[in-house]
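Student: These two chains come separately, so use the hints to put the complex back together.
Each protein sequence line maps, in turn, to chains Y and D.
Mapping of the first sequence onto my numbering: position 52 corresponds to residue 52, and the numbering continues sequentially without gaps.
Mapping of the second sequence onto my numbering: position 304 corresponds to residue 304, and the numbering continues sequentially without gaps.
Keep in mind that the hints were calculated from the coordinates and are not lab data.
Incorrect hints may have been included.
Claimed, not checked - Between beta-carbon pairs, the in silico distance windows are:
(1) Y:P113 to D:L347: 31 to 39 Å
(2) D:H327 to Y:R31: 31 to 39 Å
(3) Y:N74 to D:A274: 48 to 56 Å
(4) D:Q372 to Y:N74: 47 to 55 Å
(5) D:L347 to Y:N74: 41 to 49 Å
(6) Y:G29 to D:E362: 53 to 61 Å
(7) D:E492 to Y:P60: 19 to 27 Å
(8) Y:P60 to D:D399: 54 to 62 Å
Stated by the list, open to error - Computed far set for chain D versus chain Y, every beta-carbon distance over 10 Å:
(9) L120
(10) R125
(11) T132
(12) A290
(13) G305
(14) S416
Said to hold, decoys possible - Just a sample of chain Y residues kept apart from chain D, beta carbon distances all over 10 Å, derived:
(15) R27
(16) E70
(17) N74
(18) E75
(19) A89
(20) D104
The structure displayed is predicted, hence computed values, not measured ones.
For every residue, glycine included, the Cβ atom is placed at its ideal position computed from N, Cα and C.
If you want the building blocks of each chain, they are given just below.
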Amino acid sequence: MNAQPPSILLVEDNEVNRAMLVRRLERAGHRVITANDGEAALDAMHTHRPAVVLMDMNLPIKDGWTACKEAKNNEQISHIPIIALTAHAMEEDKAKALAAGCSDYATKPVDFPDLLEKIAGWIDANA
Amino acid sequence: MRTRNPVAQLRPRLSLRGRLYLFSGAILILFAINVGTSLWGSFARNESSIAYQEAVTAAQLTSELEQNLQNKRQQILVLATLRETTEDPVESSELDQARADLEIITERLRQLGGYGGTELEPYYRRLFDSTTALLAEWRLFYEQYNDVGPASDVESALSYNNAQQRLQELDQRQSYVAVQRASAIDATITLTDQITVIGFIGSIAITLALVFAMIRSTNASLTRMKRGVERFGSGDLTYRIDEQRDAGEIGDLARTFNEMSTKLQSAIEEMNTARADADSANAAKSMFLANVSHELRTPLNAIIGYSEMLQDELGDGTAIDREQFHHDLATIIFSGKQLLTLINDILDLSKIETGKMQVSTEVFNPAGLIVQVCDALSPLLLQNNNRLILDIDKDSMRDLDTDRGKLQQIITNLFSNACKFTKDGEITVSAHINHDRLIIGVADTGIGMTKAQQSRVFEAFTQAESSTGLKYGGTGLGLAIVREFCQMLGGEISVESEPEKGARFKVTLPADPTSAPVTA
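Just chain D, with the same shape it has in the complex (with noise of 0.2 Å):
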């Protein structure tokens, strides 16, 4: 025996179709943990390539805007220097386009707003307050430029520094932020990396395993099936699969081939015991066929016998002594009487066994029967030399209406049997009647039987003993045909017996057969 965590052993397997489904489950599960962090890895891309150019953008934006600022400068202390020296004034239209130059400027400024988020709010703040002022300084410095008077400082280089300053620190706080953002993308897109390698591995390593489980689980399953079909089918009748183990089909399955398994079983045995039946019925046949050859053959050899020698006797010439004659003749016919006898027997039984076997009443004494029947077999009674006690109560005796061949038959049958088991002994035929019973008893004084002997002597094609019939004639019939006429009567009959110690067979019928159940 296994030793297995009981908690499990009680706890059937999944089913194959809930085995399918969690392995489905899991599969999709997996899948959807892989295409989330793929998702979430091009995401962070995305956005990489997003900050990568608005980055760019800003830093394009900011050296446009630091180039633009300096240009104007420089046009503004060339034409400052201009009108020291020469006092010319500007025509209308370099003015515009000084003044659109200006307004490209705080353009520019203001797309630099648009970049660079909340972190960068309070730089771009100073800057934009430091440009403005300056443009403002400028474009007071274009408008007034015409003027006649003595001319503005043109020049705050304080507010062109500051500004410019601004714009570097702006400019660092950008490539600054750049970074940051850039190192804190890269991470995410490391992470998601290994994520989707790490959760990709991972779905592999699970799905192998879980395949691996299914197909054991399966395998296991379906091996405790196929064992139990070749044990099953190698004869082990008794032999079921543990239903328990598996839910679903499988248990199912199982529970199926237990039930085949129990019907086929009773089947197989129902069989095996008919077919038990049906041999000792045919061991007992062959048995009793044997026994009957044997003693058609014993009265047959003097026929045929005491035949051919007269026969030889006659031809040859010699006196005939006619007294031998005549005794051999008697031989013969005594010979094929006993033949009749013993075929009657057979028939007899045959015919009770097929219920063909009629009872037939009428009103006698059986005192004048017993007497009679007796008086016919005292040649039997001589023969072993025994010698015969009559024990009738004639008070008891009155008229019975029964069938008086099957009676006299019952008989003649227990007192042959008592004459043949019985050598130099006595036999006490008893009869009387009792509260309407006729009870007729058969006594002897001969071999006996055993408890076991008793209990078979009965049946029909049995013998007492099978070497019995070989010793002391008979097939075993006569004892049969008793029992099957008693029961046919309404009757029964019972034997005592020791070994040695000789058989006291009691037949009890009814005094009126119809006052007890045929059971015939």
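Just chain Y, same shape as in the assembly (with noise of 0.2 Å):
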């Protein structure tokens, strides 16, 4: 197994947190790259072709409903995974964030150990 470590995309635009999971996701022995906003999201998965996306819902120029939806809309990218993060933490959250076409689901404050589970899963799903 020589090949690259698949990598993942992350969507965050708050500073602080993207820069803590950036590291602990590295630590972990993930490839990381980021995106600020849902148009960058889309942008940087047609460019990278990630393995799983983690996607915050609230960014600004395009939220992650509208950037997941597009994904799922678009042949080229509908294939990657794309598990949401968020703060909204409500039952029926979890619901629209599925809706939208999310493939799974994690709320903050991020159960770490966790959510590198669903990145295992999602990753060795579409291995």
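Tutor: Right, dumping it as structure tokens:
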């Protein structure tokens, strides 16, 4: 297995949280690329074809739900699993995220081991 | 709409009691008519039977009188013959007997006079005259019988025949009158019988008609009531029974029902309004809670995430980058303070809402406070690459006696709002005192608001747009707290804005809060 480890696209507008997650994911052995808003996230998905996307939902320019729907309607990137990562922790927020086309859902504050498991699960499923 | 006679529509139906009285009265009148005709009939029958008996008695008397006259004449003829042949006298006892017989005949004649009335009077008078004449001749015959001398002309056949003829005439007349009376009485009996039968049948028909009409009208009234109750019961709260259509008890019932309906309607409407208010308040609170939950989680995410990360990094034995470590701890502390601010905002609003927020005044210079706040918030200003313009009219500024803490929070909230919604722009903070009013302006060149958003922007638990809080952070509490504080300090806040053209908030406070009414 000499191939590059599969990359993760982290979409997060909050600088503090973005920096923290990048560090933790990299420490866990992942290759991480980032985007600050929904529009940039879609561009990054086209350019880098990440294995998994971690997407905050409250994003400037284009919010996470819209970006997610557009990704799912685009054949080139619709196969990429998107894990919603949001501080909206209500039951209906989860339903809303899944309805928008997200493959999975995790709330903030992040349960990191659980998030790693989810990421691994989706990478395995798509391998 | 049914077309009805307008007069009939205006006149209300009789009351139930009125209908019953009318109904009973009509039946009583019918009953009286029936009893009357029946009495009339039986009176006529009675009269008929009396007339019949009279006729029979009169006929009997007539025939007896005829018989007596006939017998007496035979006797006299025999006696006359005897006298001519034997010339034997008659015993005085026999004469007495004969006289008595004549008296009986006279008596019969008188009795006959009692029957027949005025119609028979002339006939009877003639009979009486002729018979009395005949009887006088006979009496004379008997009195002279024993007298010696030439036999008087005993027999006057003329008188007898005359009497007989009168008797027959009377008899005929009696029969005629009896037949006349009988037919008249029969006609009366037939008439009363007919009236009785027709009256009886009529009574039954009218009674049935009245019963039917009463059932119909009462039923119609009750049906109207029932329909009203059903319509109202099924939720048509504006439905009212036409109370003009019935008088008396049913009209009263309709009116009472309508009054009850009106009260119920307003009670239900009040209840619905209260429920709608409670629902929207609940919805607003749920929304607020969801936002609070979101806002609490964002700093908590950093606090927990950084703490866990530092713990991991400490545990795996790699060299510690002290500078990085310090920076990470600062992030944790910043996030913790952000959390604290948020919790304080929530508590402040809760205090204001329950009326527990106090105003504590002190004398200070507002210019100093404004500069201080702007300095403290400079990291926030720089976050979105904004520029600050301070425009404080130092000449007009003087010491104020007001609540320093609240004024500080008012400026802080307005300033951080401006920083949040503006990127690469300018934020202007101005202040001056004009006619004992402190006027503070906070203007930005940010995203601005529509008119509709401006009208809601100061409401607690509400944000200009529900997605605004999601995009720009904040719980929608900052401006609500600012407005409450302005009111508590006897002042007011207003906003001018246009989408994409920034927002200008203007706070006006009395320079001395005791000079203006404190409304909170």
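Student: Compare the structure with each hint and give your call.
Tutor: Okay, the hints, checked on the actual structure:
1. Between Y:P113 and D:L347 the Cβ separation comes to about 34 Å, which falls inside the hinted range of 31 to 39 Å.
2. Checking the proposed 31 to 39 Å range against D:H327 and Y:R31 shows it is violated: the Cβ atoms sit about 24 Å from each other.
3. Checked against the given bound of 48 to 56 Å, the beta carbons of Y:N74 and D:A274, roughly 50 Å apart, stay inside it.
4. Separated by about 52 Å at the C-beta atoms, D:Q372 and Y:N74 satisfy the suggested range of 47 to 55 Å.
5. Distance hint check for D:L347 and Y:N74: the Cβ-Cβ separation is about 47 Å, which falls inside the suggested range of 41 to 49 Å.
6. The given range of 53 to 61 Å is respected by Y:G29 and D:E362, whose C-beta atoms sit roughly 58 Å from each other.
7. Hint check: D:E492 to Y:P60, Cβ distance near 33 Å, so the stated range 19 to 27 Å is violated.
8. In this structure the supplied range 54 to 62 Å is violated for Y:P60 paired with D:D399, their Cβ-Cβ distance being about 43 Å.
9. Every Cβ of chain Y is farther than 10 Å from the Cβ of D:L120; the closest lies at roughly 122 Å, confirming the non-interface assignment.
10. Every CB of chain Y is more than 10 Å from the CB of D:R125 (nearest about 130 Å), matching its label as outside the interface.
11. Distance check on D:T132: its Cβ is at least 138 Å (rounded) from any Cβ of chain Y, clearing the 10 Å threshold; non-interface status holds.
12. Non-interface call for D:A290 relative to chain Y: violated, since the shortest CB-CB distance, roughly 6 Å, does not exceed 10 Å.
13. Listed as a non-interface residue, D:G305 fails to keep its Cβ farther than 10 Å from every Cβ of chain Y; the least gap is roughly 4 Å.
14. The claim that D:S416 is not at the interface with chain Y holds, since no C-beta of that chain comes within 10 Å of its own (minimum 16 Å).
15. Against chain D, the non-interface label of Y:R27 is violated: not every CB pair exceeds 10 Å, the least being about 7 Å.
16. Non-interface call for Y:E70 relative to chain D: holds, since the shortest CB-CB distance, roughly 17 Å, exceeds 10 Å.
17. Every Cβ of chain D is farther than 10 Å from the Cβ of Y:N74; the closest lies at roughly 24 Å, confirming the non-interface assignment.
18. Every CB of chain D lies more than 10 Å from the CB of Y:E75, the least distance being 29 Å, so the non-interface label holds.
19. Residue-level check failed: Y:A89 sits 6 Å from the nearest beta carbon of chain D, not beyond 10 Å.
20. No beta-carbon of chain D comes within 10 Å of the beta-carbon of Y:D104; the shortest separation is about 17 Å.
Checked against the numbered hints given earlier, the structure breaks hints 2, 7, 8, 12, 13, 15 and 19 and satisfies all the rest.
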